[in-house]
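**Student:** Going down the list, the protein sequences come from chains P and V. Just so we're aligned, residue 0 is where the first sequence starts under numbering that gives the first Met the number 0, counting upward by one. Just so we're aligned, residue 0 is where the second sequence starts under numbering that gives the first Met the number 0, counting upward by one.
Honestly, the hints are just simulated from the structure, not real lab data. Cβ atoms here follow ideal geometry from the backbone N, Cα and C, with glycine treated the same way. Careful: at least some of the hints might be erroneous.
[What the hints assert, rightly or not] Now the in silico label distances, taken between C-beta atoms and shown as ranges: (1) 4/V x 191/P: 44 to 52 Å; (2) 263/P x 112/V: 46 to 54 Å; (3) 112/V x 6/P: 32 to 40 Å; (4) 235/P x 290/V: 43 to 51 Å.
[Unchecked claim] Where chain V lies over chain P, by a calculated footprint (3+ residues, C-beta under 8 Å): (5) 50–59; (6) 276–282.
[As the list claims (entries may be wrong)] Stretch by stretch, here's where chain P covers chain V in the computed footprint (C-beta under 8 Å, at least three residues): (7) 40–54; (8) 202–209.
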Amino acid sequence: MSDTNSRGLVEQFLLELRRCLERHHASLVEVDDDPTLAVEPRLFEVPEAPLPAKLLVHRTLRSQHLPTPEYRVRVVVALPKDQQVMIARRRQDANRLSMLGAIDTQGKKIWSQALIHPTTMPVLGAVTATALLYSGTFLLEGLRQTSRRSFRDMLRGEFHRQPPRRTPSVWSDSDMEQLHFDHAHLLGSLEAGIWRLPIASGKLSLSPVDDCPLLGGGLLLHLQMSRELFIIGERKVSADELNTLAHYLGDTPCFGSWSEDAKGYSFRCFAPNSVGTVFNLADHYLNWGLQWVQQARSLAEQYPNLTIYR
Amino acid sequence: MEVADFVAEALAGRQDIEPFAGGYRHSADIGTTTLTFHASSGADSRLTSIAMVESRFTPGVVPDFDDDGIAWLNRRAVFGSFFRDAHSTGCRATYPIDNGFLEPDWQARRLLNALSDQRAFGIAIGLMDLSLEHCLASRKMFRVPRHWATRLPSEGLEKVAHYLEQQFGLPATAGPASLVFEAPLTSGATTRIVDPEAETALISIRTDVQHPVAGVGYCVTIMPPRQPPSELLTMWCTKLNTLEHQQERFWPRLGAWGKRELGTRLVYGMFWPTDEADAGEVRMLALEMADRVNWIAGDLWLPGVGLHLQRDTA
Numbered sequence: 000m001s002d003t004n005s006r007g008l009v010e011q012f013l014l015e016l017r018r019c020l021e022r023h024h025a026s027l028v029e030v031d032d033d034p035t036l037a038v039e040p041r042l043f044e045v046p047e048a049p050l051p052a053k054l055l056v057h058r059t060l061r062s063q064h065l066p067t068p069e070y071r072v073r074v075v076v077a078l079p080k081d082q083q084v085m086i087a088r089r090r091q092d093a094n095r096l097s098m099l100g101a102i103d104t105q106g107k108k109i110w111s112q113a114l115i116h117p118t119t120m121p122v123l124g125a126v127t128a129t130a131l132l133y134s135g136t137f138l139l140e141g142l143r144q145t146s147r148r149s150f151r152d153m154l155r156g157e158f159h160r161q162p163p164r165r166t167p168s169v170w171s172d173s174d175m176e177q178l179h180f181d182h183a184h185l186l187g188s189l190e191a192g193i194w195r196l197p198i199a200s201g202k203l204s205l206s207p208v209d210d211c212p213l214l215g216g217g218l219l220l221h222l223q224m225s226r227e228l229f230i231i232g233e234r235k236v237s238a239d240e241l242n243t244l245a246h247y248l249g250d251t252p253c254f255g256s257w258s259e260d261a262k263g264y265s266f267r268c269f270a271p272n273s274v275g276t277v278f279n280l281a282d283h284y285l286n287w288g289l290q291w292v293q294q295a296r297s298l299a300e301q302y303p304n305l306t307i308y309r
Numbered sequence: 000m001e002v003a004d005f006v007a008e009a010l011a012g013r014q015d016i017e018p019f020a021g022g023y024r025h026s027a028d029i030g031t032t033t034l035t036f037h038a039s040s041g042a043d044s045r046l047t048s049i050a051m052v053e054s055r056f057t058p059g060v061v062p063d064f065d066d067d068g069i070a071w072l073n074r075r076a077v078f079g080s081f082f083r084d085a086h087s088t089g090c091r092a093t094y095p096i097d098n099g100f101l102e103p104d105w106q107a108r109r110l111l112n113a114l115s116d117q118r119a120f121g122i123a124i125g126l127m128d129l130s131l132e133h134c135l136a137s138r139k140m141f142r143v144p145r146h147w148a149t150r151l152p153s154e155g156l157e158k159v160a161h162y163l164e165q166q167f168g169l170p171a172t173a174g175p176a177s178l179v180f181e182a183p184l185t186s187g188a189t190t191r192i193v194d195p196e197a198e199t200a201l202i203s204i205r206t207d208v209q210h211p212v213a214g215v216g217y218c219v220t221i222m223p224p225r226q227p228p229s230e231l232l233t234m235w236c237t238k239l240n241t242l243e244h245q246q247e248r249f250w251p252r253l254g255a256w257g258k259r260e261l262g263t264r265l266v267y268g269m270f271w272p273t274d275e276a277d278a279g280e281v282r283m284l285a286l287e288m289a290d291r292v293n294w295i296a297g298d299l300w301l302p303g304v305g306l307h308l309q310r311d312t313a
């Protein structure tokens with residue numbers, strides 16, 4: 000692919016993204032739009048986003064000297080200052096609930112990223128729009144609901160009288176059966192609408208859900224990997240490190256977050272119903288999950304000097 | 000009675016079927032399906048003829064798929080593999096007719112099933128990739144069984160697994176609805192569980208995977224241990240399907256080599272729609288798949304490299 004083609008690909012992506020944002024009555028505005036520059040990075044904002052949201056498109060460092068440029072798109076959503084202390088205090092919960100992007104190490108922003116590739120254009124446009132608009136508020140609402148749940152459960156039991164609003168997932172049983180058939184060679188299983196795949200060091204699942212905070216129904220990719228997998232030599236890699244690596248260096252789109260719990264490490268990535276109209280979206284999510292299975296540990300091995308983020 | 004006689008008896012008096020020398024034709028606005036019998040070369044005395052069921056879709060009925068599109072479509076092939084040529088897009092299944100090996104009326108039923116459903120299933124599968132709306136419409140198009148009328152006995156798959164291990168030394172595992180085993184592509188290869196570098200193909204036969212259009216049945220896959228370079232995947236899908244149909248003494252060619260995982264992986268897939276499970280059929284499918292791997296190993300596989308054209312032309 001030539002340089003011109005690659006630039007065309009960026010424009011195509013931006014067009015797709017603008018289309019997706021329009022469906023949410025939002026727009027993409029280029030900051031410092033100086034046509035004489037015509038170099039990366041290009042910076043955009045979404046004025047209608049509930050939290051300050053920026054989009055950065057840049058040529059990857061590794062392709063700077065190659066004839067075929069490669070472009071990466073990054074979403075950065077700023078979290079409100081008055082919430083940052085709370086997020087830092089509840090870091091484990093926050094990582095677990097941040098399913099449209101990962102929280103930066105200082106708890107100030109939510110990141111997500113992907114390489115621009117012609118085959119992922121519609122899905123990338125839709126998912127990027129979702130991340131720009133909702134990744135911050137989605138996390139905050141999730142934290143609010145979980146704290147309310149535990150508090151009310153403990154003190155008054157009020158939560159049970161006011162359950163979260165449910166919106167059925169647009170991913171039907173038939174959709175999951177189709178996914179099951181197309182991936183029969185992987186030897187996964189389908190039970191009660193949830194597709195599960197055992198992997199060497201954990202499991203991967205795709206499940207329609209109907210009660211995600213703020214966004215309601217959608218499809219959840221959950222990758223669970225053993226704790227031992229991320230002990231490299233003497234060093235235990237943290238979930239924050241994995242998020243940093245995934246954001247800066249991952250070849251696989253990252254619109255979710257790594258977290259750590261008693262069972263080991265999890266990567267969760269949520270596709271809300273609003274992106275359910277994108278054809279084959281579940282296939283892309285599954286594909287990203289399979290790529291993370293292969294890449295997560297090797298990234299941690301390859302870049303061992305990220306201990307500053309621990 | 001021979002297979003052709005059973006077919007002739009079943010189709011006698013059907014106004015919608017047009018007989019012609021050596022076969023039958025079923026035409027409609029959406030396309031034409033033919034069932035033809037071809038004489039075998041005579042090299043194998045037990046092989047009496049070769050039957051082919053081929054549907055050609057009327058141009059415009061399905062999208063104008065290129066070779067990549069056909070390879071992707073073939074992940075869901077039922078009753079043969081999709082193909083395209085200068086004339087049209089279609090689907091083709093080939094059956095060896097062997098009067099001494101299988102019951103002739105059973106073989107005839109398989110041909111008649113393909114004659115009846117190949118075209119409609121093929122078009123529905125072709126339209127599914129067009130859009131979400133087409134996909135939903137195709138899934139609702141057929142009233143096919145969605146539940147097994149007769150299930151396999153609990154020990155059915157275990158017996159087949161035991162048979163594969165005892166008779167052929169193929170490591171096999173049976174679950175409640177699946178049989179998984181490995182077949183060697185190089186001499187001495189046993190199992191990837193013990194040796195991750197072992198060049199074995201992973202074969203699965205499952206009864207818990209429904210086809211999006213055709214409902215319940217046997218879902219069979221073969222996954223080679225090495226993938227060709229991504230730019231050659233489509234070429235290999237086309238070539239393997241073409242070569243299979245050219246074989247004379249071979250198992251029925253009801254499946255297809257196709258691309259999966261968003262077009263990044265070559266996998267053989269075969270779906271046999273039925274709601275009556277039978278352990279004997281599973282055993283036959285297992286032998287068929289092991290033989291298919293054996294054919295690849297002998298003609299097209301280079302140890303340490305994978306699929307290789309030189310093996311084909313040598």
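**Student:** Work down the list of hints and note, for each, if the structure agrees.
**Tutor:** Going down the list of hints, with the structure as the test:
{"no.": "1", "hint": "4/V x 191/P: 44 to 52 Å", "in the structure": "49 Å, holds"}
{"no.": "2", "hint": "263/P x 112/V: 46 to 54 Å", "in the structure": "48 Å, holds"}
{"no.": "3", "hint": "112/V x 6/P: 32 to 40 Å", "in the structure": "53 Å, violated"}
{"no.": "4", "hint": "235/P x 290/V: 43 to 51 Å", "in the structure": "49 Å, holds"}
{"no.": "5", "hint": "50–59", "in the structure": "violated (count 0)"}
{"no.": "6", "hint": "276–282", "in the structure": "holds (count 4)"}
{"no.": "7", "hint": "40–54", "in the structure": "violated (count 0)"}
{"no.": "8", "hint": "202–209", "in the structure": "holds (count 5)"}
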